[in-house]
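A.B. asks: Starting from the structure of chain A, add chain B where the hints point.
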Amino acid sequence: DTGVSQDPRHKITKRGQNVTFRCDPISEHNRLYWYRQTLGQGPEFLTYFQNEAQLEKSRLLSDRFSAERPKGSFSTLEIQRTEQGDSAMYLCASSLPRTGNLQTNGYTFGSGTRLTVV
Amino acid sequence: DQQVKQNSPSLSVQEGRISILNCDYTNSMFDYFLWYKKYPAEGPTFLISISSIKDKNEDGRFTVFLNKSAKHLSLHIVPSQPGDSAVYFCAARDSGNTPLVFGKGTRLSVIA
Numbered sequence: 552d553t554g555v556s557q558d559p560r561h562k563i564t565k566r567g568q569n570v571t572f573r574c575d576p577i578s579e580h581n582r583l584y585w586y587r588q589t590l591g592q593g594p595e596f597l598t599y600f601q602n603e604a605q606l607e608k609s610r611l612l613s614d615r616f617s618a619e620r621p622k623g624s625f626s627t628l629e630i631q632r633t634e635q636g637d638s639a640m641y642l643c644a645s646s647l648p649r650t651g652n653l654q655t656n657g658y659t660f661g662s663g664t665r666l667t668v669v
Numbered sequence: 166d167q168q169v170k171q172n173s174p175s176l177s178v179q180e181g182r183i184s185i186l187n188c189d190y191t192n193s194m195f196d197y198f199l200w201y202k203k204y205p206a207e208g209p210t211f212l213i214s215i216s217s218i219k220d221k222n223e224d225g226r227f228t229v230f231l232n233k234s235a236k237h238l239s240l241h242i243v244p245s246q247p248g249d250s251a252v253y254f255c256a257a258r259d260s261g262n263t264p265l266v267f268g269k270g271t272r273l274s275v276i277a
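Chains as they are written, first to last, in my numbering: chain A, 552 to 669; chain B, 166 to 277.
Bound-form chain A, shown alone:
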């Protein structure tokens, strides 16, 4: 297992088009997170899954955004009717659940998908 994979690495799309990104997490990680990063900002949480269940969604996730993790393995993030403000790096991360006070290494991130909406 070579880590978290994201596809594509780059996507340029015209405003109004739909786009879909894929994330393959580390196989033994049952938690999967989507974050968005824009210039000058840190990663901002969008949504996360435990196995196939979507447990939390940020208010940043408008109704044009939808995420799935159908079999608890890979995940997809779809943006419908893209807008220029959607241009960002979309980061996927995976982790094991936190257990008590054990220190963990946090999340393992993929290299991201850079979306440019023109």
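Everything labelled a hint here was simulated from the structure, so no lab data went into it.
Fair warning: this is a prediction, and the values are worked out from it, not measured in the lab.
Glycine is no exception: its CB is placed at the ideal position from the N, C-alpha and C atoms.
One thing to keep in mind: the hints can contain errors.
[To be verified] Partial list, derived from the structure: chain B residues whose beta carbon lies under 7 Å from chain A:
1. Asp189
2. Pro264
3. Gly268
[What the hints assert, rightly or not] Calculated lysine to aspartate or glutamate pairs in the DMTMM-like style (CA-CA distance at most 25 Å, straight line):
4. Lys562/A with Glu579/A
5. Lys170/B with Glu207/B
6. Lys170/B with Asp249/B
7. Lys236/B with Asp166/B
8. Lys608/A with Asp259/B
9. Lys221/B with Glu180/B
10. Lys221/B with Asp249/B
11. Lys269/B with Glu223/B
12. Lys236/B with Asp196/B
13. Lys608/A with Asp575/A
14. Lys233/B with Asp259/B
15. Lys170/B with Asp637/A
16. Lys236/B with Glu207/B
17. Lys608/A with Asp637/A
18. Lys269/B with Glu634/A
19. Lys608/A with Asp249/B
20. Lys236/B with Glu619/A
21. Lys562/A with Glu207/B
22. Lys236/B with Asp220/B
23. Lys269/B with Glu607/A
24. Lys608/A with Glu595/A
25. Lys233/B with Glu180/B
26. Lys565/A with Asp637/A
27. Lys269/B with Glu595/A
28. Lys608/A with Glu619/A
29. Lys608/A with Asp166/B
30. Lys221/B with Asp259/B
31. Lys170/B with Glu619/A
32. Lys170/B with Glu595/A
33. Lys269/B with Glu207/B
34. Lys236/B with Glu180/B
35. Lys269/B with Asp637/A
36. Lys565/A with Glu595/A
C.D. replies: Chain B in isolation, oriented as in the chain A frame:
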């Protein structure tokens, strides 16, 4: 409301000297703190973490200090090397299952 703040957008340090990156937080429920390092066109990579039951954690050239009363943590890199040049993000979470909250990052430049 920004729960994790990194007030210095950039920092420039000479090779061999100490780099100190600072982070403040507002949520008193946070009990676990992490630092991530990010190179351009890559995702963030985990660097070092600290639990709220400790005030210091060290890993090689990297040390993180936590001052709970001040809600402040810092990352010390000594000696700094040119390969340390990157954006450093501070992140925090509480004892529940809430996702990590990140600061805006500090861009460190280590000059040879």
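A.B. asks: Out of the numbered hints, which ones does the structure contradict?
C.D. replies: When the structure is compared with the hints, numbers 1, 4, 16, 19, 20, 25, 31 and 34 turn out to be violated.
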